[in-house]
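Put chain D on the given structure of chain L with help from the hints.
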Amino acid sequence: MSSAFNPFRVRERSAIATWVLAVVFLLLIGAFFRAQVLSSEDFRRQSANNRLRRLTLASPRGIIFDRHGVPIAENAPGYTVRLVARTGSGQSPKDSLRAVVRRIGKLVPISEDLEAQVVRRYEIAPFQPALVFANASLETVAVLEEHRYLLPGLVVRTEPRRSYPGGSAVAHLIGYVTEVSDDDLEKKRYPGAKAGTLVGKDGLESRYDSIVRGLEGVSFVEVDARGRMVRDESQSPALKPVAGEPIKTTIDLGLQLYTDSLWNADYAGKRGGAIAMMPNGEVLALYSAPTFDPNEFISGVSPRRWGELNTDEARPLLNRAVRGSFPPGSPFKLVTAAVALKRGLVDFDSHMPQSCTGGLRFGNRVFHCWKRSGHGSLDLTGAIANSCNVYFYQLGLKIGLDNLLNEVTAMGLGRPTGIDLGSERSSIFPPSTAYYDRQYGSRGWSNAVTLNLSIGQGENAQTLLSQVRFYAAMAGDGVIPTPYIVKPPTDAQRSLGLSPEQLRGLRSAMQAVVDRGTAARSGGRDIRVAGKTGTAQNPHGADHGWFVAFAPADDPKIVVGAIMEFALHGTVVAPFVVKVIRRYLESLDPSLAKVDVRIMLQPDSATTESDLPDDSTGQIREP
Amino acid sequence: MRTTLDRPLLITLFLLCGYGLAMVYSAGQTDVPSFAERAWIRQAGWMVVAVIAASLSFRVSFRLLEWSAPLLYGLGLVLLVVTLLVGTGAGTAASSKSWLAIGGVRIGQPVELAKLGTVLLLARYLSGLRHAPATLRDLVTPGLIAGVPFLLVLRQPDLGSAMVFIGILFTMLFWGGVRPSLLLLLASPMVSLLLAANTAWWAGWIVLLTVLLLVWRTYVSEGVFIWLVNAAMGVLAIMLWDRLKPHQQQRLVSFLNPAADPVNSGYQAIQSKVAIGSGGWFGNGWLEGPQKRLAFLPEQPTDFIFSVVGEEMGFIGVLVALALFFTLFLILIRVARRATDTFSSLVVFGVLGMLFTHVFENVGMTINLMPITGIPLPFFSYGGSFVLACGLSMGLVFRVAWDARSSGYVET
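Keeping their order, the protein sequence lines are chains L and D.
For what it's worth, the numbering used here labels the leading residue of the first sequence as 1, then goes sequentially.
For what it's worth, the numbering used here labels the leading residue of the second sequence as 1001, then goes sequentially.
No wet-lab data here; the hints were simulated from the structure.
Mixed in with the good hints, there may be bad ones.
[Unchecked claim] Mimicking DSS-like on lysine-lysine, the simulated pairs with C-alpha atoms at most 30 Å apart in a straight line are: (1) 94/L - 187/L; (2) 248/L - 557/L; (3) 187/L - 270/L; (4) 1245/D - 579/L; (5) 94/L - 1245/D; (6) 248/L - 188/L.
Bound conformation, chain D alone:
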């Protein structure tokens, strides 16, 4: 039997890209024309480039990929450091605007490469293990692999993109066989950090954690360590809060309560939600969103593209978009499950983790479920480097699916 490309994946991607391009076009159609008016042409161009990139990465041998993973990862880190140096040198933008530039070609590119490099290196590391990591000590190496780029990106500062590395780490550890309870313990300091703002909540969390540690019967040393780190985080949070830039603080506060200050930091959150909410069941119609037309939406063609979807295509349009993403993720799970080897299986799941983090952060941000961070929505947001990164990773996924089919995989 002749092997073909994975047809469901192809169709899903085609629909996502078409939907996305239509929305980028619409986002540019404002009453007062701006640069975004012709962004869709460039976006289409980038999509062509991405398809070419996908057909190239499709042809790369996974053994070569596995071998070169440290190199790609290292290159990504070097570029991130370079970006940091250049970025601080060019730091002329007002503090509340600096994050808008992120995702632009110059800054976005190293981040995208670092994401792919991290996926590959984690896949190589985890697939080389005899047993799945079972203790916190086993998690040190993968934690470092994702932690270094995380910190570098956080320094830019780009909290949104940095979070993607955390997303990749957790999804890949999970796919690599790490117990969910261990993952929860790994995540617990972050929960502690977030809850530290409210003493009662934090105290509750510490109690819950103590119970969980006892129930799960972790090693004593590990349990004590986790508990201490959580306690320390509660104290650290206040100090970290002071170190955040004012616009980051504002963004966190406005995430927690957007109505607190509607014209300043909550502006974007509220405008986005008003646009989405006014869409109703069926939306105002393609190109017809008044909020979008009046350019009330911040960063319409890039970060807030999904608000345009909500306003113009309504709840139905949102459902369609989310269903397409859900379908894509199910396909990725299926491809990862049927992969012929653990390395490629982990790569596919890493790509899933990356895309999922993007979708959840971005879509969640537009509806105020997540804090506002400048992070693009895959296949929708205008911006070259991320489209390219998506193309490359999709090429890899197609290859894994292809290999599985040609090896005659039958699921048992």
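Looking at chain L on its own, in the form it has when it is part of the complex:
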């Protein structure tokens, strides 16, 4: 044992240690005595009117840019008005809040349910000033400031406010921003969000909320015992808000706005959707009508307006471009053709055993072609150009039902496309014959379903997005792209499995559909548009019209598709689509600007089809 540990030295050190401890503890006790006994009254008063109220500082959301760096969603300075509830004045905090809100109501217009809303916000976070106006105008703020002496607890601050310069033109694409709902909080849909946090709803705002939202800051306002603010520390917050990160999209805002103005000018009141995409899946524009103004939501949409939006029979909140699904009709014939080509069953000059005489007998039923007089014997190019049902009935039978179901399912036409837009609805296509067994019982259906499927009828519902994507694959190198707006997809993409020649053949066959009709002439150059009209049967009223097209036909740069409800036929939609295409190509090559575009569809295919909507759809008819 070291000499330092002889009993005498140890006792000596114990004594020193005890004394040191005693002194330190006396020091601590002295400090507590001073605070708790000598200055207790002082602190008690401070505690009673504890002065600090916590304020959440909204973080500026990241700006969402279009492909050229033009903001689609940005932040503008705005004013928020909040109230600190008074305590200890005989009134309950809620009553005092109500009284102040009523006084505000005498100064500036307020909605009838504001009182209840403010009290509710107070209940959610009693120690934070309750939000009154999330987006007050300068006039409102000026009036309130002028009467501040009447309004104890008034807290006015400038905060970044979301703004969509494109307004209703970008509504379904971008979504909107609103206070997080109780339900979302409970289900933890928005990590990090607290009551009162502004979060993105729908569209890109929702899908990329975690990137764009940023982190809220915290600051404190000092109030006196009557709840009046004596000091606002928002300029030096305890925790600075962290701005959200900007994101760059593939959207061409000019094209998006043009789509909206064109729809409003030529098709006002029509419901439907439109999508412009590059062959590689980059979405250039995505539009749905009727639409709404996402800026309305920023200031907190009133329950009445919310009710209007939700009960409106036209359903303006529905994004018809990605959530509306319709029977695809004729545009789907290209899918059948692609499957047959891939399997090597036909080439472009193959004829079918029976030439078209206006119908095909199958079993004891006749399946009609839309052209009662018949097309005669056609090769594949001709059949696509003329949209001949009889040819495609036979092509479908040649492929066989199992193969058709497998191949189409493998192309992803029975699943969501995977676009980075959140709310997409899946297209529906039977994955196998088991589907029919389930639906109708194993003996309840016949091979006739093959005929319907092969011309885009039957158990088949496609979203506009899904169809546009398929056409993008044909317009490009045969790879079925995953459409995207912000982040290029990372997963491996499927291919149509067609050779470059076959793709070229399909494109020229499609071009034949509109060849003589749709062309924009400029300086001796033609812009050839290849596309397909279609009619989606609507049991509840007039049929819906489709048109999906790409251009230039020999080297496609853009694919545009549109659907209009109750438009009767795709020919109604075609001029719209062609104008959107022209507008885009024009932006690539300004010399096209002066071109006068006339739309003329091949008379035999489309126009007649619209005259005979029933026949054109190949419905099953008893002979």
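Just chain D now, kept in the frame of chain L:
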């Protein structure tokens, strides 16, 4: 005579844990419920785990402990380094919040192990010496033993926990027989660092130091060295200040003058003091503290648990708590004094140093005597790893007391 567990120690610990658990329960009872509402259940669970850990460490032979001290210490260091790597990788929290996470299971654990490892290795080193360290050169090795984990923890950055290593070093050197004057010289550069903020104070300190060096008649080389280091610290302080993170700077400033900026960095200090001060003699009553109920107190169940004690139990409640801690420390001194060998005696005193630093830093922080650092209060603060570390070290203390009794120790 049959040997029993040290009864005064058992009773003191029982009372401390019971008091602490009651306060953790109370800290969770706020007007707006938060995660803390059920923290006391988990805390009780951790206490059970700690008792089991204590009964295990009670059974460990001190010779095995002495042998394995370098291993435990090394393991602690490795885990600290790993924590540093992981910690920097996960550094997403805003700068002023990062320190709150410290004491959480993931980060706190290696620190607690490193503390125990440091106590054991220092005990082994000091007990192996023939004579008590008498010169600065003798202090290099123990200084390194405590200094390495100190620096690693400081990098996290967790100033509060890092200070515990300094506390352990000084108390153990003292118990190992180092002259208090030498300890003061060892501490002098730090004093110099702190006083550098004010030129007049610092100049005064340098003069005092010079006088002390002359009076104590240190070796010339040592005296000159100490003096130079102190002078250098005065210059270094400014550079170090610039290297501190803004929230650390703010915390130091607000420690010196909390009223300077009450809504920002001084917020916690003032809220804590208001809560304690409003408690008066007898407090607002258990569960009844308005500041606590309104969640004005920062980190109520963990770092600022003692503010809840002050607000709800009043000065009397504070006295009781401090008296319990004082009693515990006196018992630890007694156990260290009667220990059968120097190693176990130093271990017990090291545990005392560790706990004392925690208590002084934490309680001092709530009443604004010490800067605000995230450091738990033993037996009170909610948090698993520290409760576990306390359990382990108490098991060791019980063992030392047991050995002393069964060897029939009679104090002369």
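Hints, verified against the model:
1. Taken as a hint, the residue 94/L and residue 187/L pair is honoured in the structure, with Cα atoms around 28 Å apart against an allowance of 30 Å.
2. A threshold of 30 Å between alpha carbons decides the hint, and for residue 248/L with residue 557/L the separation of about 21 Å falls inside it, so the pair holds.
3. A distance of roughly 37 Å separates the Cα atoms of residue 187/L and residue 270/L; the hinted pair therefore is violated under the 30 Å criterion.
4. Our distance criterion of 30 Å between C-alpha atoms is broken by residue 1245/D and residue 579/L, whose separation comes to about 59 Å.
5. A threshold of 30 Å between alpha carbons decides the hint, and for residue 94/L with residue 1245/D the separation of about 42 Å lies outside it, so the pair is violated.
6. Between the alpha carbons of residue 248/L and residue 188/L the distance comes to roughly 27 Å, so the proposed pair stays at or under 30 Å and holds.
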